[in-house]
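Chain D is already provided as a structure; the job is to place chains B and A on it using the hints.
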Amino acid sequence: MIEQLILTVIMTSIPLIFAASGELIAERSGVLNLGVEGMMLMGAVAAFAVAMGTGSPLLGMFAGAFAGALTAGIFAFFTLGLATNQVATGLALTIFGTGLSGLVGAPLVGQAIDGLAQVHLPLLADIPFLGTLLFQHDILAYLAVIMVALCAWVLSATRVGLILRAVGDNHESAHALGYSVLSVRLLAVIFGGMMAGLGGAYLPLVLTPHWAEGMTAGRGWIALALVVFASWRPWRVLGGALVFGGITIMQLAGQARGWTIPSQFLSMLPYLATIIVLVLISRNREFALANSPACLGRIFHAGK
Amino acid sequence: MPAFFVDIGVGLKSFAIIKSLSMLFLSRVISFASPQLCLYPLPVDYGRWPLIATHPLEAFMKARPRLRTSKDTAKKTGAAPAGDQMPLLNASGVIKRFGDFIANDNVSFSIYEGEIHALLGENGAGKSTFVKMVYGLMQPDAGVFEWRGKPVKITGPQHARDMGIGMVFQHFSLFQALTVAENIQLALPAGESLSSLSDRVRIMSAEYGIGVDPDARIHNLSVGQQQRVEIMRCLLQDPSLLIMDEPTSVLTPQEADQLFDVLRRFSNSGVAILFISHKLDEIRALTSRATVLRRGINVGTVNTDTRSARQLAEMMVGETVADVVRKTAPADDDILLEISNLSRPRSTQFSTPLRNISLQARRGEILAIAGIAGNGQDELMEALIGEWRDANNGIMVIEGLDITHAGPTARRNAGISFVPEERNGHAAVPAMSLADNNLLTSHSLAGAVKKGIIDNNAMRQAADDVTTAFDVRLPNENPLASALSGGNLQKFVVGREIAKSPKVLIISQPTWGVDVGAAMFIRSAMLKLAAKGSAVVMISQDLEEVFMIAHRIAVLYDGHLSAAMDVTGLTAEKVGLLMGGIAASKGAEA
Amino acid sequence: MISLIPRKDIPLALTVMTPIMAIAITLFVGAIIFATLGYDPLEALYQFFVAPVSRSDQIADLFVKACPLIIIASGLIFCYRANIWNIGAEGQLILGAVFSGYVALTFPGLPAWAMIPLMVIAGIFGGMLWAMIPALLKTRFNTNEILVSLMLTYVAALLIDWIVRGPWRDPMSFGFPLTKMYVDAALISRIELPGIGYLGQLHWGVVGALLLALCAWFVLDRMLVGFQVKVMGAAPRAGRFAGFSPTFVTFMVLGISGAAAGIAGMVEVSANIGQLQPEISFGYGFTAIIVAFLARLNPLAVIGAGLVVALAELGGDSAQITLGMPKVVTGVFKGILLFMLLAGETFNRFHVEIRPSRSSAAKSVEVQN
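Note that the protein sequences, when read in sequence, are chains D, B and A. Those letters in the first sequence? Residues 1 to 304, by the working numbering. Those letters in the second sequence? Residues 305 to 894, by the working numbering. Those letters in the third sequence? Residues 895 to 1263, by the working numbering.
Just chain D, with the same shape it has in the complex:
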């Protein structure tokens, strides 16, 4: 029972890990993309459609990543190419992604697919308790952790990460040193979209093997809050996502145990928790802004 519960918590947190660490990279470059929800939905519907069409959930996974990246490309075109307001453009992306995914997915409603297979890591999977929890997952779950590690390593230990941070910290200086601010941001946004797409793909490929309109249910927004919660540090995303996964699962556990609290209140928990977490993090300005990219949300103009 407890094993099953923890396993569910981990699985619930996977989409958040993908989406939040992708957004974290985009934000570190100075771009605030509020369209995570839209990108996740596009990833989810593409993954489901391709997995159903080809019968290969693995291809579905790639399709999800591709769709997310493509959706992010639209955002990049407007915010980077045409210097539109990032907040409003992000909203537009969510509205657009929700609509388009619903349109594309309309014929898919009610269909079912085989989800991604579990990959038992040799030896490790046989460890009692921990083996079940950590080493009997599907490939996406392992990838999520690998991606977090990759993000952390790239940010802190590579030149690419240094340039990314520099662009997010002061785009004028980065431009003056000859770095192409817009190219760096384009890549970061596309990467963020790819990750959001993978996070979205996890929903129909693993969590619930069917497609439903708006099936992300606000996970994209929670991922945005997670980035703040993690104060722009990749490893903290992992912890934060597990916390949110735990809170989400609490309602199921609560219902199973016959708690008398109405189910709606339990369902509110992730959203309320998000607000509480935002307050706790934001109230300490120094801490909240310690790693916050100085140029976040600012439009880049070379020259001045």
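All the given hints hold, so there is nothing to weed out.
A partial selection of chain A residues facing chain D, derived with a Cβ cut-off under 10 Å: (1) Phe1035; (2) Phe1180; (3) Phe1227; (4) Ile1230.
The hints are simulated quantities; they were obtained by calculation from the structure and are not laboratory data. From the three backbone atoms N, C-alpha and C, an ideal C-beta is built for every residue, glycine too.
Quick look at chains B and A alone, frame taken from chain D:
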């Protein structure tokens, strides 16, 4: 003394530069570390370069043989080159347009090895555009650059650095959230690991006493330290041409002199220096030739010792420069504004705390608050406007009325007007009309708003009156503030406040980034206001301006404000020392 | 590569043309999407944008559909002008409906002259209350209002779901999640035009919506509080310099937009539904964001913008019935429209030049120094 300094090979050049630069740092660091060496007590803030009038090391440096014996020992180096010498960089017919605006119109220019060459011009004359093209940040629309005689297309800053062009930016191009080593790494070619670079920086820092920890984050460094990081970053690239964009704007006169000393050493070792400034005395002291830009056109390259500062100014402006005449100090002892013991704690890690500031502004005078940027000017201005207030810190009284707790609106109602330093987004809203911008500071005054409803006609009329009285030139009938040029917008925001005939005008950097004509206009308007019986408190970094119009001068250093001194008999040197914190710390002890 | 050069002045024609061009391009892109999905694009556009308004009573219904959008957008404009990103109007609408529903359901005996005004006040209170939470958290703890207001929308949706399934469920509803029907005095009546009679579902709430938009325009354009909002949004530092309080403005704009959304919730239930149910809004709170931008944040233009977007909503229904197209198509349209409007803003502020890529340095956005 070491013989190898006399004959420097190419490979040793950068070493020599670093060595000579480091002597400057060394002198400062030693003077800090061993106070007994110093003639004056030193301020506690080691971040700022302590100033030493005649330091023992100064004598030591003078005694050293010159880096290149072939050069004469005249004050100027790199005197006008011989005719047959090939220029290091030659630009011919360079044109750069932005839309229908021509920023550089057929500019030709050349600089030789070892030459210190000034690029002179008013704000907006095209200096920055030109050097940005040299540094590869922009591409010319027409014209050719030649590097050591060969035509070259400078595709980007990376390319420029590879060629041997380094640039120190006016507003440093440093990354506040990154460490010193990371900042340096970003300007160097890829390949060197951060730890190896950190070691190099640390070794160099220890060996030459630069005093900057490679792991320190930039936002923890003082302005002076940041400039050192910026310069160090340039030198590690081993440049043949060093571009410096207004480097003295963050330095006291004495610090500027020391920087010039270092620059002369660079030029002696063969480095060409392109020095951008609009300070004429500085240019005449340092450079041998100056190229003057006016509205994007090269109006001439001249030998600086053949021209007076006034002649250079006239080349720059294109017309005869009028002088502003200050009347003698007012006899009136009537105190209009009095501030006692205003303190303000550090609000962010970037800010300067204010320490026990007291001042009195008298009827009929201009009281100048001099000082280098970053010594608490912004914090003081916010406290004066009332954007920041604290019940327990300081008392502010205007004509017997206590306004310590009053916000900006109540302070305006009491008869004070303010002009903050930043025009765009502080003194004015760029995206709004002049009528709306007039409303910004008069919404609480009679006639502007009735029962919550704005009298738009009255505001339009008032804005028109200001533009007429202060000769604000408008690009069209009803422009947004952003459509006005810097000088015209400044005339508007100053005029807007003076038109209210305030008892006290508090104004910060009144002529910052403004062309000479507008600057003179604004200065005489301030003098007129004072002559009519108001008090003017002027925060200014421009010493020339301070001496031109102020009756009394106080100096802001590290959040301390010195006592105000009568301008008669006061020398720029003395004010400069105060700006460097020498007497301020003495004063604090007294 | 795209190069942006700031305009010195903005021609009036461009200001007017921007939204029109945005709509035109959206229709064009929409036609392409229809064609891709295998529909006849002309037929689809006809069903979408002409069929729903081919009769006079349908035009009246267009106003009814636009009513909540106009009300909410009139309020949201204050937020967006002040650079406060309230995207939780949907939740504020729900709370307005719940609070006004409390008045209607708890005091069914109130006289008609008191009932509607009290319900409006309750609706305003509910919407404001919900909007005050992000305002309080933002001013007190510097919390991001975008995320908080959105999270509260999810909470509000769950709240009303619980209310109509739990405490307020009509025992006679046969297990359906519905409250009792409102008494007649609590319903907003339809407009009866002399000589014509009822015109579709046209009700007095629509008149209220138009009046609210006018009020919003007056406050924003003529009053000092409106000026404060605009200054705070355009240059917060200049706002503090002028002596305006950012905290006050934050509370005010969120309060206004919350109140407007609350009114919209009250009107929607009272005029169209007549009782509380889990779904009382069809995403009006989100759609109104697009209305506000289509109006270029001008309250007078909100009326026209509300009608245009309402047409897209009705068109979605029409296309669903006649062509079997999924309802979400409207969302695609709305998303594209918002993209185009934002791009239009860029074309307003800059000369946009597209030229072949040159060197790496020239790839950046070049702006005159």
